[in-house]
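Chain order of the listed sequences is A and B. Going letter by letter, the first sequence gives residues 1 to 249 in the working numbering. Going letter by letter, the second sequence gives residues 1 to 249 in the working numbering.
Treat the hints with care, as some may be off.
Copies of the same chain look alike in the list, so a pair counts if it works inside one copy or between any two.
[As the list claims (entries may be wrong)] Pairs of lysine-lysine residues, derived as DSS-like cross-links and limited to a Cα-Cα distance of at most 30 Å, are as follows:
1. Lys234 to Lys138
2. Lys102 to Lys60
3. Lys110 to Lys124
4. Lys110 to Lys60
5. Lys131 to Lys102
6. Lys138 to Lys124
7. Lys124 to Lys102
8. Lys45 to Lys140
9. Lys234 to Lys102
10. Lys241 to Lys27
Note that these hints are calculated values from the structure, not bench results.
2 protein chains.
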Amino acid sequence: MEIASILITGANRGLGYELVSQFAAAKPSPDFIYAGCRNPDGADKLKELAQKHPNVKIIKIAIGDESSYQTAVQQVTQDVGDRGLTVLFNNAGILTYRSFEKVTAEEMRKEYEVDVIGPLMLTKAFYPLLKKAADNSKDKGLSCTRAAVLNMTSGIGLISDNTSGNIYPYRAAKVALNMITKSMSIDFKSDGIMAVSINPGWVQTDLGGANATLTPTECIEGIRNNVMAKMGEKENGRVVKYTGIINDY
Amino acid sequence: MEIASILITGANRGLGYELVSQFAAAKPSPDFIYAGCRNPDGADKLKELAQKHPNVKIIKIAIGDESSYQTAVQQVTQDVGDRGLTVLFNNAGILTYRSFEKVTAEEMRKEYEVDVIGPLMLTKAFYPLLKKAADNSKDKGLSCTRAAVLNMTSGIGLISDNTSGNIYPYRAAKVALNMITKSMSIDFKSDGIMAVSINPGWVQTDLGGANATLTPTECIEGIRNNVMAKMGEKENGRVVKYTGIINDY
């Protein structure tokens, strides 16, 4: 899979870090791997990776602070120019695990801000660069090698799979993110930009906890090999599991 | 259908007003019909209705202002006491019709506040009264005559029906509301409180516009006779159309 450039948010830890790390080690590796994080100064693991791989660029993206999106767009534009940005991977997210009894309005707001409004506004900011990538690609149709927005969702955000209730902020935000993915997939189709929600499964990260069934390495290998390398028109707008299987909604 | 008491938000216009109006005229009519609205002083049509039907009580509920929820709970408690509140109908909502190019973070926030966080927090406030209604009902199982939370959703909030993209704030909020309904239906089941999202169809209101296919009268007759009077365990947690048909997600 030859992806010319990719930007990953929430790249300082968990699945975001693993994505950057695997793309850095890939052969061929993208020309530019933007590792977006809130606080580049404190991102020690990313700094190590960037020293070893000069195509890894640490970039400040503070979800919720739209001015940081514009600065990031300028920085990426300087590198990629008319080639545009091939993949925007909206990976940054939080998990507020709150019951009906305990959930507050403020927890609902914060989760929606990070998991839904952030990806939407960041995609708006990078849309002109994604469009350039699609326009100038030798590929036709829809693919991650032409141009794509990938939104990291969760099985917890599937209404039909909700058999245990609870987790109000996260469930509501992730299903809303899946809806936004669907609208993007329709609105971007004539531009040649794909939009897909990716369900990473249950992964051993800070967010998934130690009892999870997958290691970050297994999960991201699945997302790269089974999902990103293979999907096209059929998966556009859908929720796709790390195994490559469509599972919604 | 004998519903002892019902509270309807957004009752000063559109489907909310029609709900109050039809329940007021019903035989038997509920003992208490609470018509929740942001500004009772300006609710002239509701005032007329309340003069004619003494069981219609206008009550201030300003979605987003949680202190108004507590005052409303106190007011309802004084009337119903241990009989509790039978049905909470979260009908108040807004429709922000915004494209990808035009949508702003603030529009996303406002829609989520009114259409998702409002119903959730209002349901939390009235939960003890709903539980009392369920506990003290002669009915067993799940029904609108025992105890129910009904959330007014929209076909625009169904991801699988989204074939035209766009409308980001409203689509995202309504599907999130459907998720919350699903979690409530699971969390409340042992209490005997039903939770259902209701899809009213496309109705000639301020929100639906003049080209809509249904009159408010037809829509609310459908919701009362096909949905509220009939549904039970099977519909719990689902999206039910005004026709009585389950259609999700």
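Against the structure, the hints:
1. Proximity of Lys234 and Lys138 under a CA criterion of 30 Å is satisfied intra-copy only: 20 Å inside one chain copy versus 51 Å between copies.
2. When the C-alpha separation of Lys102 and Lys60 is checked against a cutoff of 30 Å, the pair qualifies only between copies, where the shortest distance is 25 Å, while the shortest distance within a copy is 33 Å.
3. Taking CA atoms no more than 30 Å apart as the test, Lys110 paired with Lys124 passes in both settings, with 20 Å inside one copy and 19 Å between copies.
4. For the identical chains of this complex, Lys110 and Lys60 are neighbours both inside a copy (20 Å) and across copies (27 Å), given an alpha-carbon limit of 30 Å.
5. In this assembly of identical chains, the alpha carbons of Lys131 and Lys102 lie at most 30 Å apart only when taken from different copies (17 Å versus 43 Å within one copy).
6. Taking CA atoms no more than 30 Å apart as the test, Lys138 paired with Lys124 passes inside one copy only; the shortest distance there is 24 Å, against 54 Å between copies.
7. Proximity of Lys124 to Lys102 under the C-alpha cut-off of 30 Å is restricted to the inter-copy arrangement: shortest distance 9 Å between copies versus 34 Å within a copy.
8. Neither within a single protomer nor between protomers do Lys45 and Lys140 lie at most 30 Å apart by alpha-carbon distance, with minima of 37 Å and 58 Å respectively.
9. Within a single copy, Lys234 and Lys102 get their C-alpha atoms only as close as 40 Å, which misses the 30 Å cut-off; across copies the closest is 28 Å, which meets it.
10. Proximity of Lys241 to Lys27 under the C-alpha cut-off of 30 Å is restricted to the intra-copy arrangement: shortest distance 24 Å within a copy versus 52 Å between copies.
The structure fails to meet hint 8 from the earlier list, while all remaining hints are met.
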